[in-house]
Amino acid sequence: MTKVENNKAWFLVLPVFLLVAFSAVIPLMTVVNYSVQDIFDQHTAYFVGAEWYREMLQDPRLHDSLLRQFIFSGCVLLIEIPLGIAVALMMPTKGRAASLCLILLAIPLLIPWNVVGTIWQVFGRADIGLFGWAINSLGIDYNYAANPMDAWFTVLLMDVWHWTSLVALLCYSGLRAIPEAYYQAARIDRASKWAIFRYIQLPKLKSVLVIGVLLRFMDSFMIYTEPFVLTGGGPGNSTTFLSQTLTKMAVGQFDLGPAAAFSLIYFLIVLLVSWLFFTTISHLDKAK
Amino acid sequence: MAEIHLKSLAHSYSAQPRSAADYAIREMDHIWHQGGAYALLGPSGCGKSTLLNIISGLLSPSEGEVLFDGQRVNEIPPEERNIAQVFQFPVVYDSMTVYDNLAFPLRNMKLHESKIRSKVLEIAEILELQPLLDKKAKNLTADEKQKVSMGRGLVRDDVSAILFDEPLTVIDPHLKWKLRRKLKQIHEQFNITMVYVTHDQLEAATFADKIAVMYGGQIVQFGTPRELFEAPNHTFVGYFIGSPGMNILDVKSCQGGVEFNGVQVPLDAELCQFLDEVPSNNIKIGIRPEFIHISNETIKGSYECAVIHIEDLGTYKILTLDLAGNLIKARLDEDQQVPEGRAYVSFPKQWLKLYVDEFLVEEAAQ
Amino acid sequence: MTATINKPARFSGVNSGAKRKVDTQLRRKLGISAYILFVLVPIYWLLNMSFKSNEEILGGLSLWPQNFTLDNYAVIFSDPSWYMGYVNSMTYVSLNVIITLLVALPAAYAFSRYKFTGDKHLFFWLLTNRMAPPAVFLLPFFQLYSSVGLFDTHLAVALAHCLFNVPLAVWILEGFMSGVPREIDETAYIDGYSFHKFFLKIFLPLIRSGIGVTAFFCFMFSWVELLLARTLTSVEAKPIAAIMTRTVGATGIDWGVLAAAGVLTIIPGLLVIWFVRNHVAKGFALGRV
Numbered sequence: 001m002t003k004v005e006n007n008k009a010w011f012l013v014l015p016v017f018l019l020v021a022f023s024a025v026i027p028l029m030t031v032v033n034y035s036v037q038d039i040f041d042q043h044t045a046y047f048v049g050a051e052w053y054r055e056m057l058q059d060p061r062l063h064d065s066l067l068r069q070f071i072f073s074g075c076v077l078l079i080e081i082p083l084g085i086a087v088a089l090m091m092p093t094k095g096r097a098a099s100l101c102l103i104l105l106a107i108p109l110l111i112p113w114n115v116v117g118t119i120w121q122v123f124g125r126a127d128i129g130l131f132g133w134a135i136n137s138l139g140i141d142y143n144y145a146a147n148p149m150d151a152w153f154t155v156l157l158m159d160v161w162h163w164t165s166l167v168a169l170l171c172y173s174g175l176r177a178i179p180e181a182y183y184q185a186a187r188i189d190r191a192s193k194w195a196i197f198r199y200i201q202l203p204k205l206k207s208v209l210v211i212g213v214l215l216r217f218m219d220s221f222m223i224y225t226e227p228f229v230l231t232g233g234g235p236g237n238s239t240t241f242l243s244q245t246l247t248k249m250a251v252g253q254f255d256l257g258p259a260a261a262f263s264l265i266y267f268l269i270v271l272l273v274s275w276l277f278f279t280t281i282s283h284l285d286k287a288k
Numbered sequence: 001m002a003e004i005h006l007k008s009l010a011h012s013y014s015a016q017p018r019s020a021a022d023y024a025i026r027e028m029d030h031i032w033h034q035g036g037a038y039a040l041l042g043p044s045g046c047g048k049s050t051l052l053n054i055i056s057g058l059l060s061p062s063e064g065e066v067l068f069d070g071q072r073v074n075e076i077p078p079e080e081r082n083i084a085q086v087f088q089f090p091v092v093y094d095s096m097t098v099y100d101n102l103a104f105p106l107r108n109m110k111l112h113e114s115k116i117r118s119k120v121l122e123i124a125e126i127l128e129l130q131p132l133l134d135k136k137a138k139n140l141t142a143d144e145k146q147k148v149s150m151g152r153g154l155v156r157d158d159v160s161a162i163l164f165d166e167p168l169t170v171i172d173p174h175l176k177w178k179l180r181r182k183l184k185q186i187h188e189q190f191n192i193t194m195v196y197v198t199h200d201q202l203e204a205a206t207f208a209d210k211i212a213v214m215y216g217g218q219i220v221q222f223g224t225p226r227e228l229f230e231a232p233n234h235t236f237v238g239y240f241i242g243s244p245g246m247n248i249l250d251v252k253s254c255q256g257g258v259e260f261n262g263v264q265v266p267l268d269a270e271l272c273q274f275l276d277e278v279p280s281n282n283i284k285i286g287i288r289p290e291f292i293h294i295s296n297e298t299i300k301g302s303y304e305c306a307v308i309h310i311e312d313l314g315t316y317k318i319l320t321l322d323l324a325g326n327l328i329k330a331r332l333d334e335d336q337q338v339p340e341g342r343a344y345v346s347f348p349k350q351w352l353k354l355y356v357d358e359f360l361v362e363e364a365a366q
Numbered sequence: 001m002t003a004t005i006n007k008p009a010r011f012s013g014v015n016s017g018a019k020r021k022v023d024t025q026l027r028r029k030l031g032i033s034a035y036i037l038f039v040l041v042p043i044y045w046l047l048n049m050s051f052k053s054n055e056e057i058l059g060g061l062s063l064w065p066q067n068f069t070l071d072n073y074a075v076i077f078s079d080p081s082w083y084m085g086y087v088n089s090m091t092y093v094s095l096n097v098i099i100t101l102l103v104a105l106p107a108a109y110a111f112s113r114y115k116f117t118g119d120k121h122l123f124f125w126l127l128t129n130r131m132a133p134p135a136v137f138l139l140p141f142f143q144l145y146s147s148v149g150l151f152d153t154h155l156a157v158a159l160a161h162c163l164f165n166v167p168l169a170v171w172i173l174e175g176f177m178s179g180v181p182r183e184i185d186e187t188a189y190i191d192g193y194s195f196h197k198f199f200l201k202i203f204l205p206l207i208r209s210g211i212g213v214t215a216f217f218c219f220m221f222s223w224v225e226l227l228l229a230r231t232l233t234s235v236e237a238k239p240i241a242a243i244m245t246r247t248v249g250a251t252g253i254d255w256g257v258l259a260a261a262g263v264l265t266i267i268p269g270l271l272v273i274w275f276v277r278n279h280v281a282k283g284f285a286l287g288r289v
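Protein chains in written order, with the working numbering: chain C, 1 to 288; chain Z, 1 to 366; chain H, 1 to 289.
It is worth saying that the hints were derived from the structure and are not from the lab. Note that the Cβ used here is the ideal one computed from N, Cα and C, for glycine as well. Please note: incorrect hints may appear among the correct ones.
DEER-style ranges, computed between Cβ atoms [claimed, not checked]:
(1) C:A97 with Z:Q16: 18 to 24 Å
(2) H:I190 with Z:P131: 39 to 45 Å
(3) C:K94 with Z:L121: 40 to 46 Å
(4) C:P60 with H:G149: 53 to 59 Å
(5) H:D23 with Z:P131: 53 to 59 Å
(6) Z:N139 with H:S146: 54 to 60 Å
(7) Z:R72 with H:K29: 27 to 33 Å
Restricting the straight-line Cα-Cα distance to at most 25 Å, the calculated cross-link-like pairs of lysine-lysine (DSS-like) are [claimed, not checked]:
(8) H:K29 with C:K8
(9) H:K29 with C:K193
(10) Z:K178 with Z:K119
(11) Z:K136 with Z:K119
(12) C:K3 with H:K115
(13) Z:K176 with Z:K210
(14) Z:K252 with Z:K210
(15) H:K120 with C:K3
(16) C:K206 with Z:K136
(17) Z:K110 with C:K193
(18) Z:K349 with Z:K329
(19) Z:K110 with Z:K182
(20) Z:K138 with C:K206
(21) Z:K176 with Z:K110
(22) Z:K136 with Z:K178
(23) Z:K110 with Z:K135
(24) C:K206 with Z:K135
(25) Z:K138 with C:K3
(26) C:K3 with H:K201
(27) H:K29 with C:K94
(28) Z:K135 with Z:K182
(29) C:K193 with Z:K138
(30) H:K238 with C:K248
(31) C:K206 with C:K193
(32) Z:K136 with C:K193
(33) Z:K210 with Z:K184
(34) H:K201 with C:K8
(35) C:K8 with H:K197
(36) H:K115 with H:K197
(37) C:K8 with H:K120
(38) Z:K178 with Z:K138
(39) Z:K135 with Z:K115
(40) H:K197 with C:K3
The shape of chain C in the complex, shown without the other chains:
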């Protein structure tokens, strides 16, 4: 579609611009401002330049939680994307059963994040939770509050439970957009199930998968509430991710300057990874 050149369109965008400027630019400027000052109280502050950035970049707290964050987001993508595709492929295609599946799948997406944490906090406990009880009665010693591996497993399982539906619903609607004739032609061409998936379904799913991967990367990278409620970041710091480290620093210890520098580094990492992902995808597209 060709677009018309028209600068009056700015008037249509103006409300969004003002709103986002208010809710993003001003706060961001405040953060930038903090990040270059050493603040003692409301009236005493010294300009320290890039000092906080230097300090933060060498801070093991950042390194550790960044590493954990990448491992977590990587695991989330590796599990949720294939699982979501599989769920979408298994879903009924029409009728009441399809509606019912859609509704049931969407439920986890609409539960407040702290309630998600609560659900798994209860569900995974050996004394009052079905899951924890079941695992333990299989003879496996499982306690997410004491054992870091168990905590990781539980946090991951919770995220899979919480978000795979999003990927599945995106893929489901992508699959519905494939005309029946494609499947018929494939049958006549004697395509195997795998070939149908590889050459018909997957190419059509690409655009929704890009959305799915981006959303899942961003949101898993910013995760805060669910692990906070479930494990409180523990045991030790084993499930403390970036957002939690940052909140501890800013609200808990009130280290405004370092926290602000941390914030900006954090923001830049999200931007950078998303951008890398996006440009790689579009490059691959063009290269073919």
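Guided by the hints, dock chains Z and H onto chain C, whose structure is given.
Structure of chains Z and H alone, referenced to chain C:
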């Protein structure tokens, strides 16, 4: 190589069909001979695509049998039927190149890559696709895509019939005839049975040796274009084939023939006798506009009518006439004199057709 | 010499013989059932717990309530400081959805139809806001809204949630609007429609399911968010999710009431998904398939 026999075939999409109206395909017996070029012609919703999908195996008929060379294939899935099908909207595998698209069915059969290569190149040459072989299929134009989907049917050695489901719908008019000629050429070259579904009589007539006209879930006539034109077996064929279609008049049986609004049309004794014996009141006569005889003065057996409208189409004219309250059309050639106000028409006996319950009443050969 | 009528046989009796490949169908059904079970069991467990007394919960595992009780729900519905939490959450979520749609609709239209100075940069910049971790904005938000007197109001939370909802809404709506052919706009203008009348009477109905899905997403992300909502409120606009932390008392956690409160937070989401269920299949592709 296959002869396709549809034996007492019927299909209904509802699980418990109660009346004839529940059937997309009404019970039929039909044979497509090996190597023929056939068209399946009919208006949308008459069941042509359903019939095609039953032949290819995408649909399992609810009643009757599909026989390939006498073998029942009802239970055999499309992938094992040695049949290719080209759809209305071109189906290509977007992420693959044209070469890979053409090679796809062969790779699925696990053929050797060198064999695949020679076969793909051969077909690409016939379809004039060589310059595009390395291009991504999604960047092709609609007619190129349609050629690719035809090519996927042709590369297979084992294909004995290709089914076309209105394959030229999305193709530009000036490319349509080119592709149609290509098809014809391929047919001659490969000795493959081809069944071509369309709602366009011209397309059907230029492609096919024999046309099956479908109406209301039935094949109402199967014949050469000439047969369809000269002796339509069903009022629908008369109306659907030809431009303008056949004049069809509701009549009642009377002494020595039929009559409508006081106009008497004599018929052969044999037909009269037949009419006396059938209980039906649904009697019609039909005559093609091309076969109506027109003159300026009354002659024996002619009827007077008012000229309502004259449409000049260059080499010929179409007259709309009022014959005792019924509008009929007649074709007038260039060199004929144009009647003014009144005209006298007569119906040559060999072109006047009698229909009972919409079907043609045929006289035994004389 | 006899005349014959050349008529095919009429349709005769009915015999049916439909055969299907049952095997893969069955496997798919089993797979999807297993996954849905995985989704539902944890929720069932919460529901199960909400109908038990604390003694029963801590007393031992049971798959359904042995002494069915509604006491936990009674606690919530009899205490304004509890149930007002729901009212507060619903209020700011609704406010947010309205504000978001009001500003995002014209903007998305501009992005889908016009070229203008800086359009691409602006669009990208908007999207980057969706990538901003809310934790980054905690303190500045707190200070900003305090200084303009919005702290502890529904509006503050609604505006804060615009940070991530507006970019998403513009992006989703732009996808849907680009799917509507330009010719429709032009025809409407030729027919003498003003921009406002065209936009409200013709264009918006065309992208109905897009608006539905956008509203759904905005509702979803605003309803489930806690970090910002908790930070920007103290009493008057405190969201239910934050009030739930009260169940942790000196005597330990009041599991029953916590579970009941949790169950009640699921219900609004269920209602919303029920309303948009018919748009989900088409809408979730976000106009981009």
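For each hint, the structure was consulted:
Look at C:A97 against Z:Q16: about 22 Å separates their beta carbons, and that is inside 18 to 24 Å. Between H:I190 and Z:P131 the CB atoms are about 43 Å apart, so this pair conforms to the stated range of 39 to 45 Å. Restraint check, C:K94 to Z:L121: a C-beta distance of roughly 42 Å satisfies the suggested window 40 to 46 Å. Look at C:P60 against H:G149: about 41 Å separates their beta carbons, and that is not inside 53 to 59 Å.
With their beta carbons about 45 Å apart, H:D23 and Z:P131 fall outside the hinted range of 53 to 59 Å. For the hinted restraint 54 to 60 Å between Z:N139 and H:S146, the CB-CB distance of approximately 57 Å keeps it satisfied. Roughly 31 Å separates the CB atoms of Z:R72 and H:K29, a value that falls within the hinted 27 to 33 Å. With a C-alpha separation of about 54 Å, the suggested pair H:K29 and C:K8 falls outside the 25 Å cut-off, and the hint is violated.
For a cut-off of 25 Å, the pair hint linking H:K29 to C:K193 stands: about 17 Å separates their Cα positions. Of the supplied pair hints, the one linking Z:K178 and Z:K119 holds, its CA atoms being roughly 23 Å apart against a limit of 25 Å. Proposed proximity of Z:K136 and Z:K119 is supported: the alpha carbons are some 20 Å apart, at most 25 Å. Note on C:K3 and H:K115: the hinted pairing holds, with a Cα-Cα distance of about 6 Å set against a maximum of 25 Å.
Restraint check for Z:K176 and Z:K210: the C-alpha separation of about 20 Å stays at or below 25 Å, so the hint holds. At roughly 34 Å between alpha-carbon atoms, Z:K252 and Z:K210 are farther apart than 25 Å, so this suggested pair is violated. Distance check on the hinted pair: H:K120 and C:K3 sit about 13 Å apart at the alpha-carbon level, within 25 Å; holds. Of the pairs offered as hints, the one joining C:K206 and Z:K136 holds, with about 16 Å between alpha carbons and a cut-off of 25 Å not exceeded.
A hinted pair counts as satisfied when its Cα atoms are at most 25 Å apart, and Z:K110 with C:K193 qualifies at roughly 15 Å. At roughly 18 Å between alpha-carbon atoms, Z:K349 and Z:K329 fall within 25 Å of each other, so this suggested pair holds. The hinted pair formed by Z:K110 and Z:K182 fails the criterion: a straight-line CA distance of about 29 Å is larger than 25 Å. With a C-alpha separation of about 14 Å, the suggested pairing of Z:K138 with C:K206 holds against the 25 Å cut-off.
Distance hint between Z:K176 and Z:K110 is unfulfilled; the C-alpha atoms sit about 34 Å from each other, more than 25 Å. At most 25 Å may separate the alpha-carbon atoms for a hinted pair to count; Z:K136 and Z:K178 meet this at roughly 23 Å. Between Z:K110 and Z:K135, the direct Cα distance comes to roughly 24 Å. Compliance with the 25 Å bound is thereby established for this hinted pair. Among the hinted pairs, C:K206 with Z:K135 is consistent with the structure: their alpha-carbon atoms are about 20 Å apart, no more than 25 Å.
Restraint check for Z:K138 and C:K3: satisfied, since their Cα atoms lie roughly 23 Å apart, inside the 25 Å limit. At most 25 Å may separate the alpha-carbon atoms for a hinted pair to count; C:K3 and H:K201 meet this at roughly 22 Å. Among the hinted pairs, H:K29 with C:K94 is consistent with the structure: their alpha-carbon atoms are about 13 Å apart, no more than 25 Å. Distance check on the hinted pair: Z:K135 and Z:K182 sit about 22 Å apart at the alpha-carbon level, within 25 Å; holds.
With a C-alpha separation of about 22 Å, the suggested pair C:K193 and Z:K138 falls inside the 25 Å cut-off, and the hint holds. For a cut-off of 25 Å, the pair hint linking H:K238 to C:K248 stands: about 22 Å separates their Cα positions. Our distance criterion of 25 Å between C-alpha atoms is met by C:K206 and C:K193, whose separation comes to about 18 Å. Simply put, Z:K136 and C:K193 have alpha-carbon atoms about 23 Å apart, close enough for the 25 Å limit, and the pair holds.
With a C-alpha separation of about 13 Å, the suggested pairing of Z:K210 with Z:K184 holds against the 25 Å cut-off. Only pairs whose Cα atoms come within 25 Å are accepted, and H:K201 paired with C:K8 is accepted, the gap being roughly 22 Å. With a C-alpha separation of about 18 Å, the suggested pairing of C:K8 with H:K197 holds against the 25 Å cut-off. Taken as a hint, the H:K115 and H:K197 pair is honoured in the structure, with Cα atoms around 22 Å apart against an allowance of 25 Å.
For the hint pairing C:K8 with H:K120, the CA-to-CA distance comes to about 16 Å; that is within 25 Å, so the pair holds. This hinted pair checks out: Z:K178 and Z:K138 have alpha carbons roughly 22 Å apart, not beyond 25 Å. Only pairs whose Cα atoms come within 25 Å are accepted, and Z:K135 paired with Z:K115 is accepted, the gap being roughly 21 Å. Only pairs whose Cα atoms come within 25 Å are accepted, and H:K197 paired with C:K3 is accepted, the gap being roughly 21 Å.
In this structure, the earlier hints numbered 4, 5, 8, 14, 19, 21 are contradicted, and the remaining ones agree with it.
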